[in-house]
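Trainee: Residue numbers (the working numbering), protein chains in the order written: chain Z, 1 to 112; chain X, 1 to 114.
Take these hints with a grain of salt, some might be off.
[What the hints assert, rightly or not] Mimicking PhoX-like on lysine-lysine, the simulated pairs with C-alpha atoms at most 25 Å apart in a straight line are:
1. Z:42 with X:1
2. Z:68 with Z:58
3. Z:58 with Z:37
4. Z:71 with Z:37
5. Z:22 with Z:71
6. X:13 with Z:42
7. Z:22 with Z:57
8. Z:22 with Z:58
9. Z:37 with X:1
[To be verified] Among the chain Z residues that face chain X by a calculated CB cut under 10 Å, a handful are:
10. 12
11. 16
12. 31
13. 91
[As the list claims (entries may be wrong)] Coverage of chain X stretches by chain Z, computed from C-beta distances (three or more under 8 Å per stretch; other residues unrestricted):
14. 22 to 28
15. 41 to 48
16. 105 to 114
Hints in this document: simulated from the structure, not taken from any laboratory.
Glycine is no exception: its CB is placed at the ideal position from the N, C-alpha and C atoms.
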Amino acid sequence: GENVEQHPSTLSVQEGDSAVIKCTYSDSASNYFPWYKQELGKRPQLIIDIRSNVGEKKDQRIAVTLNKTAKHFSLHITETQPEDSAVYFCAASDGGSYIPTFGRGTSLIVHP
Amino acid sequence: KAGVTQTPRYLIKTRGQQVTLSCSPISGHRSVSWYQQTPGQGLQFLFEYFSETQRNKGNFPGRFSGRQFSNSRSEMNVSTLELGDSALYLCASSLVQGGNNEQFFGPGTRLTVL
Numbered sequence: 001g002e003n004v005e006q007h008p009s010t011l012s013v014q015e016g017d018s019a020v021i022k023c024t025y026s027d028s029a030s031n032y033f034p035w036y037k038q039e040l041g042k043r044p045q046l047i048i049d050i051r052s053n054v055g056e057k058k059d060q061r062i063a064v065t066l067n068k069t070a071k072h073f074s075l076h077i078t079e080t081q082p083e084d085s086a087v088y089f090c091a092a093s094d095g096g097s098y099i100p101t102f103g104r105g106t107s108l109i110v111h112p
Numbered sequence: 001k002a003g004v005t006q007t008p009r010y011l012i013k014t015r016g017q018q019v020t021l022s023c024s025p026i027s028g029h030r031s032v033s034w035y036q037q038t039p040g041q042g043l044q045f046l047f048e049y050f051s052e053t054q055r056n057k058g059n060f061p062g063r064f065s066g067r068q069f070s071n072s073r074s075e076m077n078v079s080t081l082e083l084g085d086s087a088l089y090l091c092a093s094s095l096v097q098g099g100n101n102e103q104f105f106g107p108g109t110r111l112t113v114l
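Taking the hints into account, I'd like the entire structure generated from these sequences.
Mentor: Below is the structure:
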């Protein structure tokens with residue numbers, strides 16, 4: 001089955017800095033890669049996703065890049081703000097089973 | 001549009017008991033997926049229901065089961081509870097099959113097994 005590794009587990013940055021979270025996956029058949037943000041005590045919410053026919057996608061301060069050859073994808077947050085503090089989860093789903101496999105999560109702390 | 005709702009929000013049970021959790025998806029969504037979230041294992045897929053049929057199942061024992069009704073509401077049942085079943089159980093709904101599309105999560109049911 002699919003295996004998703006996510007790094008780092010904790011990321012501490014100063015407000016205004018950039019943050020990068022990386023995930024690797026094992027199943028080359030995976031073709032959908034969402035990122036979810038979960039604030040403390042709240043439900044996960046999709047912040048951006050990318051499909052395997054696209055190499056990069058951007059939405060304001062958030063971008064995701066995908067390298068299918070190396071089987072890794074990354075979340076980039078620029079100009080971080082304290083409200084970006086949360087746990088971020090990556091996931092990979094293959095087009096056959098549609099079963100999503102999540103990474104263990106990255107706790108992002110943005111210091112004012 | 002109302003979001004995904006789950007009931008109850010908190011449950012305390014003892015080992016050996018069984019529990020039923022409920023999830024109401026966003027109106028019009030036909031897919032409901034269930035996840036177990038624990039600090040050590042993160043988010044783990046339990047199963048997905050689409051149009052009242054179980055479409056996918058994760059690596060959980062048969063004690064975990066579910067069903068979906070004609071109005072897309074879903075229930076999850078855990079029998080013979082074990083201490084390790086203590087977790088936040090999240091459901092998520094999507095318009096079509098969930099794993100390959102945006103999923104909208106509910107607030108979760110916090111289950112504590114004593």
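Trainee: Would you mind marking each hint as holding or not holding in the structure?
Mentor: Going through the hints against the structure:
Proposed proximity of residue 42 of chain Z and residue 1 of chain X is supported: the alpha carbons are some 19 Å apart, at most 25 Å. About 18 Å separates the Cα atoms of residue 68 of chain Z and residue 58 of chain Z, which keeps this hinted pair within 25 Å; it holds. For the suggested pair residue 58 of chain Z and residue 37 of chain Z, the alpha carbons sit about 16 Å apart, so the restraint of at most 25 Å is met. Between residue 71 of chain Z and residue 37 of chain Z the CA atoms are separated by roughly 22 Å; this keeps the pair inside 25 Å, and the hint holds.
Among the hinted pairs, residue 22 of chain Z with residue 71 of chain Z is consistent with the structure: their alpha-carbon atoms are about 11 Å apart, no more than 25 Å. Pair hint residue 13 of chain X plus residue 42 of chain Z holds up; C-alpha atoms about 23 Å apart against a cutoff of 25 Å. Pair hint residue 22 of chain Z plus residue 57 of chain Z holds up; C-alpha atoms about 15 Å apart against a cutoff of 25 Å. Taking the CA atoms of residue 22 of chain Z and residue 58 of chain Z, the gap is about 16 Å. The hint holds against a cut of 25 Å.
Taken as a hint, the residue 37 of chain Z and residue 1 of chain X pair is honoured in the structure, with Cα atoms around 21 Å apart against an allowance of 25 Å. Interface restraint check for residue 12 of chain Z: the shortest CB-CB distance to chain X comes to about 19 Å, outside 10 Å, so the restraint is violated. Annotation: interface hint on residue 16 of chain Z violated; nearest CB of chain X at approximately 29 Å, more than 10 Å. Among the interface hints, the one on residue 31 of chain Z holds; its C-beta lies about 7 Å from the nearest C-beta in chain X, closer than the 10 Å criterion.
Interface hint at residue 91 of chain Z: satisfied, since its Cβ lies 8 Å from the closest Cβ of chain X, which is below the 10 Å cut-off. Coverage of the stretch 22 to 28 of chain X by chain Z is violated in this model, with 0 residues showing a Cβ closer than 8 Å to a Cβ of that chain against a need of three. Taking a C-beta to C-beta cut-off of 8 Å, the stretch 41 to 48 of chain X contributes 6 residues in contact with chain Z, enough for the three needed, and the coverage statement holds. Counting residues of the stretch 105 to 114 of chain X whose beta carbon lies closer than 8 Å to any beta carbon of chain Z gives 4, which reaches the threshold of three, so the coverage claim holds.
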